[in-house]
Each structure stands twice: as C-alpha cells, then as structure tokens.
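Colleague: The whole structure should be built from the sequences, with the hints applied where relevant.
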Amino acid sequence: MSWKFTRRCIAVCWALISANPLHAAPNLDGLAGAWSGAGSMKPKDGAWEKVRCKVAYGVTKPGRAFSLDLTCASDAYKMALSANIEQNGAQLSGNWFESEYRQGGKISGTATDDGLIEARIEGQTVAALVTIRTRGNHQSFVMDAPGSWLSQVAIELNKETR
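Going left to right, the sequence shown walks through residues 4 to 165 as the numbering used here numbers them.
Be careful, since some hints might not be right.
Label pairs and their computed distance ranges (CB to CB) [unchecked claim]:
#1 119 x 165: 26 to 32 Å
#2 143 x 123: 17 to 23 Å
#3 83 x 143: 19 to 25 Å
#4 45 x 65: 33 to 39 Å
#5 79 x 117: 32 to 38 Å
With a cut-off of at most 30 Å between alpha-carbon atoms, the simulated DSS-like pairs for lysine-lysine come out as follows [claimed, not checked]:
#6 109 x 53
#7 57 x 162
#8 47 x 109
#9 81 x 47
#10 45 x 81
#11 45 x 162
#12 162 x 53
#13 57 x 109
#14 57 x 45
#15 109 x 162
#16 47 x 64
#17 64 x 162
#18 64 x 109
#19 81 x 53
#20 162 x 81
#21 47 x 57
#22 81 x 109
#23 45 x 109
Note that these hints are calculated values from the structure, not bench results. Where a beta carbon is used, it is the ideal one built from N, C-alpha and C, also for glycine.
Modeller: Given below as structure tokens:
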C-alpha cells in the first residue's frame, strides 16, 4: 500500500470529521451519532476509485468540542482514524491520529452558520485544502491536494436515524 495514498486518505477522513451542521450559529453538537456514505478518490495519475466510510461522532464539550472514530475503505485500502476537534466561535482546531499507519497531525479552519467549513489539514508529510457543506442530515465535501499522489476526493455522507 502506498504511503502517500495513506496520508491523503487521512486528510480525506479529517475532512469528514470537520463537517458542521446547519444552525443559527456554528455548533458541533449536531454531528453526534453515526454517519455513513460513499464517494470516490482520484490518484494524480490514475482513475477514480470508489470508497465507503462510517463515522461515529461524540460531543465531548457541548457547543465547543467533539470526538470521532472513522473507518474508510475501498476495494484495495482501509484506514481507522480518531480525532478531537474544538471550536472557538467560527474557528476550528484539533488533532487527528490514524492508527493503522501511525500518522497524525493538526487541522485548522473556519465554520459558518450556513454549514460551510473551509479547512487546512497538515501532518509531517500531509497538506490539503477541504471544503465541506452540511445541510440537515447530509454532508458533502471536496478535498484538493495538488501535486500529491491522491489529488482529489469527493464524498457524500448521511446521518443514520434510529
């Protein structure tokens, strides 16, 4: 498995956990619960590949912080990611760790009251820009990492109802 692919997948997963629900003001509490979905990833010099993801979000500080456990897999790859994210007004920050490949890093970004997230994901060898839109129980995001092995990602998630 390509190490560069792993790093880019981690960035993609981070994008999933940074999504913010639609509220009168940015607030992470609406993420609590299970989400799942699918999408595709495009290597710089290859064809698009389908990916499936499941995410469990937990509120750790109401209105200010949450945690997550995420698993994403394609026919050829799998990863497990955990993260802790804090919100200070519109600002987002936090840390992530991918346990299978033992990599981690930081994220920074902003959230707006209309469900838009714009974030930068960084690690020792990872850098990506992510745009996320959340409307109700649906999240979509696009990651752009020009020049990297995994240059583009597009994923759609839906919140599971019980």
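Colleague: All the hints need checking, so say for each whether the structure fits it.
Modeller: Now the hints, each set against the structure:
no.: 1; hint: 119 x 165: 26 to 32 Å; verdict: 28 Å, holds
no.: 2; hint: 143 x 123: 17 to 23 Å; verdict: 19 Å, holds
no.: 3; hint: 83 x 143: 19 to 25 Å; verdict: 23 Å, holds
no.: 4; hint: 45 x 65: 33 to 39 Å; verdict: 38 Å, holds
no.: 5; hint: 79 x 117: 32 to 38 Å; verdict: 36 Å, holds
no.: 6; hint: 109 x 53; verdict: 26 Å, holds
no.: 7; hint: 57 x 162; verdict: 10 Å, holds
no.: 8; hint: 47 x 109; verdict: 24 Å, holds
no.: 9; hint: 81 x 47; verdict: 19 Å, holds
no.: 10; hint: 45 x 81; verdict: 16 Å, holds
no.: 11; hint: 45 x 162; verdict: 25 Å, holds
no.: 12; hint: 162 x 53; verdict: 20 Å, holds
no.: 13; hint: 57 x 109; verdict: 21 Å, holds
no.: 14; hint: 57 x 45; verdict: 20 Å, holds
no.: 15; hint: 109 x 162; verdict: 25 Å, holds
no.: 16; hint: 47 x 64; verdict: 39 Å, violated
no.: 17; hint: 64 x 162; verdict: 20 Å, holds
no.: 18; hint: 64 x 109; verdict: 19 Å, holds
no.: 19; hint: 81 x 53; verdict: 12 Å, holds
no.: 20; hint: 162 x 81; verdict: 21 Å, holds
no.: 21; hint: 47 x 57; verdict: 25 Å, holds
no.: 22; hint: 81 x 109; verdict: 21 Å, holds
no.: 23; hint: 45 x 109; verdict: 23 Å, holds
The structure fails hint 16 only (numbered hints given earlier).
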